[in-house]
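Residue numbers (my numbering), protein chains in the order written: chain A, 1 to 223; chain B, 1 to 220.
Don't take every hint at face value.
[To be verified] When the alpha-carbon atoms are kept at most 25 Å apart in a straight line, the in silico BS3-like pairs for lysine-lysine are as follows:
1. B:K134 x A:K49
2. B:K82 x A:K82
3. A:K221 x B:K173
4. B:K92 x A:K82
5. B:K173 x B:K143
6. A:K55 x B:K82
7. A:K222 x B:K105
Read the hints as simulated data drawn from the structure, not as lab findings.
All values derive from a computational prediction rather than experimental measurement.
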Amino acid sequence: MASSQEEVTLLGVVGSPFLHRVQIALKLKGIEYKYLEDDLNNKSDLLLKYNPVHKMIPVLVHNEKPISESLVIVEYIDDTWKQNPILPSDPYQRALARFWAQFMDDKCVVAAAKFVLKVDEKEKEKATEELYEALKFLENELKDKFFAGEEIIGFVDIAAVFIPLLQEVAQIQLFTSEKFPKLFKWSKDFYNHPVVKEIMPSKDQLFVYFKARAQSLAAKKKN
Amino acid sequence: MAEANVVLLDFWPSSYGMRVKIALAEKGITYECKQEDFQAKSSLLLETNPVHKMIPVLIHNGKPICESLNIVQYIDEAWNHKPSLLPSDLYKRSQARFWGDYIDKNVYNSVKRVWTGKGKEQEEHNKQFIECLKTLEDELANKPYFGGEDFGYVDVALVPFTSWFYTVETFGKLSIEEECPKLVAWAKRCMQKDSVATSLPHPHKIYAFALQYKQRHGLE
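If we strip away everything but chain B, and leave its shape as in the complex, we get (with noise of 0.2 Å):
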């Protein structure tokens, strides 16, 4: 489905601009995707995204909608043709949504407080992400993807992450895998599908722009 009034403002190692990519890619929607540089925000951002000043921002026909998982469940609603990226089941559905915030709330941070994190505070750092991610792994438990037997909306929200799992596993010195082997397998199961393995950078690149990134802020 070509789309000529689809535009994505992005920045290409940014989990949140990666979940809105598989999104449009689920949907089969093509659209421009123009790179953002954080040092000097372009006038369109700062116009389309005043708030908050942050990719990624979604414009559809010159509107725009701005926050990931927000972006992500627009997308699902203004194209509601299959697959659909959200469960039928009102129940299932308020699931999604609950466990998309606490994606949300935890990941990020956690991510973060590891591949920058040094000295003393690592341990404690390692130890909270460790939690977290098995905290998902627990509601993940024996099925092939979060939703079930589908792909869909919480893991479009976690999966992103995995691109960085190589650098935190670097700069923290821990095995995801050892520590949560199903997740790991969930991330494979995803990586075999199209919209996640074309919207995904190598995790190499990502840990390359992890170190130019910690040296730049003096933070190794």
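Excised from the complex, chain A in its bound form (with noise of 0.2 Å):
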């Protein structure tokens, strides 16, 4: 357990799905921590101080050191507190955990925001098109109830949270069952596991977080 649990901050957006991975990450490894809520419309002194490359939330502080990107984070928790691994000791395995995190970061949650954000049909459909070549992979690739195996979850299972955000809080339908059986299945199991669902937003918060974050794009394209 943290020896100095006092010293754990994460400052975060409610809604965020990258704020949400770190927060299972460390609640399966039973760290408390203070939590601080920042806003992405007017970002406080503190995130741009301890992430001045990018100004994004989340961002770990232990021990008054500052670590930003959301899988870079897991990566330090489990690094850090060794019980309940989040990633195998096998390093062929911790390969192919980091490959699937990542192809989550670089194809799947990138087309599921433009799912998500996009008002124009045509835009729609490319961006639907585009989600579900993704996720293809991502069905093959699922063997057990969890990508980290039948009782545990892993890194992978952490970077897809963002599936059970939109398809069983927001209930935005990505998928149907029928479409991806085996991911629909995961999505709900995932959702419901215990630490998960601890975590979870409501549907109204995660509301409050598109809009938020629609804004911030928004503004961020006329600058």
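From the two separate chains plus the hints, produce the assembled complex.
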């Protein structure tokens, strides 16, 4: 357990899948932390100080040292606290886990965001195509109940939290059970996992996040 | 260390492929290198990397590993003798991963935009490229390498792109040394290492490749 639990702080915005990845990791390890809610459209001085390069949440601060980028943070958590490992110990299995987690970020999250935020029918169709191309690989990859195994959740499951956030919480149907039966079931199972369930935001909170995100993206475009 | 079963699928001008070569050289691992042709990707490439169909792919005892920094981490973990590529200090390790991610998200694109760019956009692309390098230069500060005293992960992630500097300067009409002297000094320091010198092609070869590419794609 954390020997210095007062010294773990997490900056985030509720509803952000990137924040929730980190929260799941901390919860899995039983690490207590201080949570600080930030504002995407009015970023705190603390956030700008701790993440000057990207100015984005989440940021984990451990013993006053900041770490940014959700998957980097999750690996740091796994390296630092050894109980309930998130990544496998075998180097090849670790490489696979990292590959699929990166795939989530490079292909799936981007496509899902476009799917959710696009109003134009044509763009939505294109986003759907892109998303389904990506999800096909995931569907194929899922061999057990979770990506990490039959009873345990791991790095890839955590990276994929945006799926149940959209499917289960926002109830935006990214896909049906006919289209991707394994992922459909995985989304429900992961959402109902005791650690994950405690972390998940409410539907209202999620929609507040979507709105704030859309606002901040629009402001970025203007500049 | 002779490894009968290490194969690298590569494309010689790729900075990503160079990263893997450097890592393998650092660890003293011998391997078979197979050059891919992007106009005609091999069935081995399509089999081992069905998701991205891209090099580099490292095949170790028949098992493929894809994505260059992923491969570099794999090499560090599977052959865990010295030198270590990732720091042993856990916080420094997280920072190494952070900067590896930053380099992945920013350097390739900003490099490409400069040497393929033209007209009015050129100035903007040049500016973004230099800004990116300056951010990295700030991170380097006064250390000999990004990791500190020892050459490591972030150096491996970035140094291949320096083989493209001559190309970027020529097409972009800019001087990287003027803008980022510390980074250029760092690049020279890295080139003194065998693992780097033997893994990076000569900048003029890269330039010739870039020229051909631009002609083929009507980008002059």
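Those earlier numbered hints the structure runs against, lowest number first
Violated hints: 3, 5 and 6; rest satisfied.
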